[in-house]
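Next come the chains, spelled out residue by residue.
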Amino acid sequence: MAEITVQDLTKIYQDERIHDQVMAVDHVSFTCNDGEFMVLLGPSGCGKTSTLRMIAGLEEISAGKVFIGKTLVNDLAPADQNVAMAFENYALYPPLTVRENVVFPLKARGMPKVEIQNKLREVVDVLDIGDILDRRPAELSGGQQQRVSLGRCIIRDADVYLMDEPLSHLDSELRLRTRGELKRIHELNKRTVIYVTHDQVEALALADRIAVMDNGVLQQIGAPAQVYEHPINLFVAGFIGEPPMNFINGTISTAEGTHIFSSFDYDLNIQLPESLMVSARGWEKKKLVLGIRPHHTHMVHEKEFAQRSGKVVIYESLGEEGVLEVEVEGCPLTILTEPELRLKPRETVGVSVDWENAILFDEESGYSLNSNGD
Amino acid sequence: MKRSRYLAPKRQTLIWLALAGYAVFALFPLIWVVMMSFKSHIDIISPVPKFIFTPSLENYKAILFGGQSMQYEAGQTDFLLYFKNSCIITISAVVLSLLAGVPASYALARYRFRFKDDIAFTFLSFRFAPEIAVIIPIYILYQKLHLYNTYVGLIFVYQLITLPLIVWIIRGYFEDISVEIEQAAKLDGYSWWGVFTKIALPLVKPGLASTAVLAFIFAWNNFIFGLILGSSDTYPSTVGTLGFISYESVLWGQMAAATVITIMPPLILAIFIQKYLVRGLTMGAIRG
Amino acid sequence: MSTVQLEDVHKYYGKVKAVRGISFESLDKDILAILGPSGAGKTSTLKMIAGLEPVTQGEIYKDGRLINLIPPEKRNIAMVFESYALYPHYTVYDNIAFPLRSKAALLSQDEIDRRVRETAEMLQMKSLLARKPAELSGGQKQRVSLGRALAKRAEILLMDEPLSHLDAKLRHHMRRELKKYQSSLNTTIIYVTHDYLEALALAGRLVILNEGVIHQIGTPSEVYYNPADTFVASLIGQPKINLITCHIQNGSGGELKVISKDGAFQVPCPLSAEELPPRNDTVLVGVRSQHLYLSRNLDDQGIVGEIYVSEYMGVNSIVQVKVGHQILNALTKEQNYEIGQPVKLQVSEKDIILFDAHTGKSLSRGIAHRESITI
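Sequence lines, in order, name chains A, B and C. Just so it is clear: in the first sequence, position 282 is 282 by my numbering, and no numbers are missing. To convert a position in the second sequence, counted from 1, into my numbering, add 374. To convert a position in the third sequence, counted from 1, into my numbering, add 662.
Some clues are possibly wrong.
To be verified - Not the full set, but computed from the structure, chain C residues with beta-carbon under 8 Å of chain A:
| hint | residue |
| --- | --- |
| 1 | 830 |
| 2 | 859 |
| 3 | 883 |
| 4 | 886 |
| 5 | 900 |
| 6 | 970 |
| 7 | 971 |
| 8 | 975 |
| 9 | 977 |
| 10 | 982 |
As the list claims (entries may be wrong) - Taking lysine to any residue pairs in the SDA-like style, the calculated list, with each CA pair at most 25 Å apart, reads:
| hint | chain 1 | residue 1 | chain 2 | residue 2 |
| --- | --- | --- | --- | --- |
| 11 | A | 311 | C | 785 |
| 12 | A | 113 | A | 132 |
| 13 | A | 285 | A | 246 |
| 14 | C | 831 | A | 295 |
| 15 | C | 842 | A | 332 |
| 16 | C | 841 | A | 296 |
| 17 | B | 384 | A | 62 |
| 18 | B | 649 | B | 393 |
| 19 | C | 709 | C | 669 |
| 20 | C | 831 | A | 95 |
| 21 | C | 984 | C | 964 |
| 22 | C | 788 | A | 331 |
| 23 | C | 831 | A | 244 |
| 24 | C | 691 | C | 667 |
| 25 | C | 788 | C | 835 |
| 26 | A | 285 | A | 267 |
| 27 | A | 65 | A | 14 |
| 28 | C | 995 | A | 246 |
| 29 | C | 984 | A | 178 |
| 30 | C | 841 | A | 242 |
| 31 | A | 285 | A | 295 |
Quick caveat, the hints were computed from the structure, so don't treat them as lab data. No residue lacks a Cβ here, since even glycine has one placed at the ideal position from N, Cα and C.
Construct all of the structure, not just a fragment, from the sequences and the given hints.
Right, here's the structure in full:
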């Protein structure tokens, strides 16, 4: 039973190349509740791994505090805490077989043999490593080593599980499978997990809550659907989602009760629904960015139902879905469609957009107009 | 990103002190020779080592411009000739090694052919045997082939020093170039010669320069080949310096001055290419 | 007019048989994608076409002319390498100009300059021309290597996993960029990849390769909807196609049914008794995840299952459903399924593909309305 609380956690590195110091983690604060699966998500170099390593006690904390449960763990060694870890770069014991590697933490704690065997069987099933149990790390592929490392982590009965990109070296099929198993284990056992990844799909799939980081700064914390549908700023909006969110730069003007968003770069005027204007009052004439996800834009076969017409730039039929890029009055717009549409470049299609699902951002600060006061 | 600055002055000072101590220890013999070269003969043979003395350029004058201040006629030696010999032999040896060694190392790095590894090993094995072990057979050979006491003969025998070095280090540099870069150049319409001169050679140029300097230094410092296979016409300056030791006396001051001048070329080169030299050496070490 | 044709081509590296007798032909001004997992022999095939690797056995023709023995520099073939293979000591400008300056190109200084600038314009990298490769990001390097290949205006353009070193986001972006250039390239392209999305998005036709052998040649819809065997079916699509081992039984009304061993999964057989091979004891039923419909209403018709795990993905969710001993993947727009929650699964008969359980070959092919080219 443990929650993890991080207060103003900061990491400063000495960068030898520029002979100066770099703030890798900048006053990050959050609480991972007991039994919660929290994902730290961000591009490489955003400070997510440093944050995890400081929580794990593997890296010196420059400033701030880390609590596991009610205990301040800043100065405790990793071994003093009941923390299980899985690393991106495996860290397996080379002279031991896979079996010995996986059960090592249990043996070290003097667990009875029968119990170890039961635990091992469970983990072997979950990770599909039955056929490599007697091999040594040097004989394994990167993906196999990573699964063993993950096995050594989840076999433990720890208060807290810390995982750093544990699926990054698996091929896509196995990654999908292992991801599902991890999610299931968590749903069934409800342990506290902090998981680091750069893959937004992995974050959406696994997390109870996602903490999005960029440049060492925490951007947003929220449930997957929340960060996906209500991103707090342009960074989160652009980083999460594939194909990426459409952005149109422009400004709002109000005349006779209707609100028009006019693009700066294209001859495009959009009448905004009232619901979007609630937070946009007072932002008239300011520089804004209108964001709309590709699945809220539609290609319409019957032209009379279309709001506008667009010219096809490219159409990709990707099996499960189609991705269509059109130009509406010159403005590029990505649309998620059915697969197998026979569309040719420069063909005209009907386009319809659910503007009530759009989000307005302040161009200068990058923050969503809904996020005022946050 | 925010930045700030901190210092750890205590630790820095300790490191500096330790390094300074080692520098004095390592450099002392060199410093002593330099001091000696500016001393008069009396100061040199003083039973108590003298650190404070009146410096003079007499020793340098003597070896560079001839014997006006010579105290003893015997032991006079033509240092300038030996210095010139060193330059001729060493530079020619390095150039020859480059001409032969660069294509060889490229072939060893890039092409698959029979006995490739054996050939590569043979090159390296030249460096295994101590020079003294082969010097007598070579001496006899040279006598018979009339290569004894000739520049050509010395340049040739210096290949034992310079060629393995160049082949092994440059091979590493060539292997470092991605094969795909050369394949791309082939598809861009260039024959193997075009690929070699326009892509491969320019890419190893920095390595080539530092390796050549390294080979120069090794060759320059050689003593035994010049001593046995050369004679007073072809002695390099390393051997020539011995001439200051005679039956009657030792011209310590002039010998020191000659030594100082002799170590100047490699020293200057080493300082200039220090950074590349380390890379060249470690690379050779890893590959070799 | 330019095509490449391979006739029974083999490539052995000592005892390793990388390519074992493949034949295919590229169409003029079309993208042919060679799709397969690592070790399939894709890159070996490409390097043989380029002339960078000798052919062990078989013939390669360019425009009907045998080119097995023609050296790479005389083939007029351009290639984009997986590692980009930019010349580190040259600027971007000189990298692009390099093929134009070769003896084979015979171009004037002005013409070279014009072409370099034209290419830079098209690929939106005019501002990068003075930089060296070390100063470029991954996406920019990729663009330069494409530019170098295009500037030459070769008849054939080979691309070896050009996007594989980019991160997921940039890869999707560059794939779309590439698709945009496609119409203006006007050249025959052979594109090697392990990413089925790239192959589906870019190619006119796909060659599916595994362990040096071709499994299927066809258009993107043919390989997706009408895979030749279970290998092709599993390679294309994410999540992977569901494959369930079943046997065929007569239903109560005399109609044929396919039923899993544990009896939990059963659907009507899409083929008639005459269409099935005589020895049809076991078959593999293939159903793509987006063709598996989930219903929370337990009164609905369908197969009984319970939720194994559900993963939110933004637009869709991947829901794993346990049916008897099998776990099936379903792709739905709905979310918030609980582990253990009972659901009904529905599959439409037209979305079922049958495979021979022994050979893995499709039984539905040839009968389906979409024709496919077989080897």
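Results of checking the hints against the structure:
1. 830: holds, 7 Å
2. 859: holds, 5 Å
3. 883: For residue 883 of chain C, the interface hint holds, since the closest Cβ of chain A sits about 6 Å away, which is under 8 Å.
4. 886: holds, 5 Å
5. 900: holds, 7 Å
6. 970: Where the cut-off is 8 Å and the nearest Cβ of chain A is about 7 Å from residue 970 of chain C, the hint holds.
7. 971: With Cβ-Cβ at 4 Å, under 8 Å, it holds.
8. 975: holds, 5 Å
9. 977: holds, 5 Å
10. 982: Constraint on residue 982 of chain C satisfied, holds at 5 Å.
11. A/311 x C/785: Status holds; Cα separation ~21 Å.
12. A/113 x A/132: Holds. Residue 113 of chain A to residue 132 of chain A sits at ~20 Å (cutoff 25 Å).
13. A/285 x A/246: With Cα atoms ~21 Å apart, residue 285 of chain A and residue 246 of chain A stay inside 25 Å; holds.
14. C/831 x A/295: holds, 17 Å
15. C/842 x A/332: holds, 12 Å
16. C/841 x A/296: holds, 23 Å
17. B/384 x A/62: This hinted pair holds, its Cα atoms lying about 20 Å apart.
18. B/649 x B/393: holds, 19 Å
19. C/709 x C/669: holds, 15 Å
20. C/831 x A/95: violated, 39 Å
21. C/984 x C/964: Holds: residue 984 of chain C and residue 964 of chain C sit about 14 Å apart, inside 25 Å.
22. C/788 x A/331: holds, 23 Å
23. C/831 x A/244: The hint holds at about 8 Å.
24. C/691 x C/667: holds, 14 Å
25. C/788 x C/835: Holds, at about 19 Å.
26. A/285 x A/267: Within the cut-off at roughly 17 Å; holds.
27. A/65 x A/14: holds, 21 Å
28. C/995 x A/246: Given pair residue 995 of chain C, residue 246 of chain A holds - Cα atoms ~21 Å apart, limit 25 Å.
29. C/984 x A/178: Holds, at roughly 16 Å.
30. C/841 x A/242: Measuring from Cα to Cα gives roughly 17 Å; hence the hint holds.
31. A/285 x A/295: Not satisfied, since the Cα-Cα distance of roughly 28 Å exceeds 25 Å.
Of the numbered hints stated above, those contradicted by the structure are hints 20 and 31, listed in ascending order.
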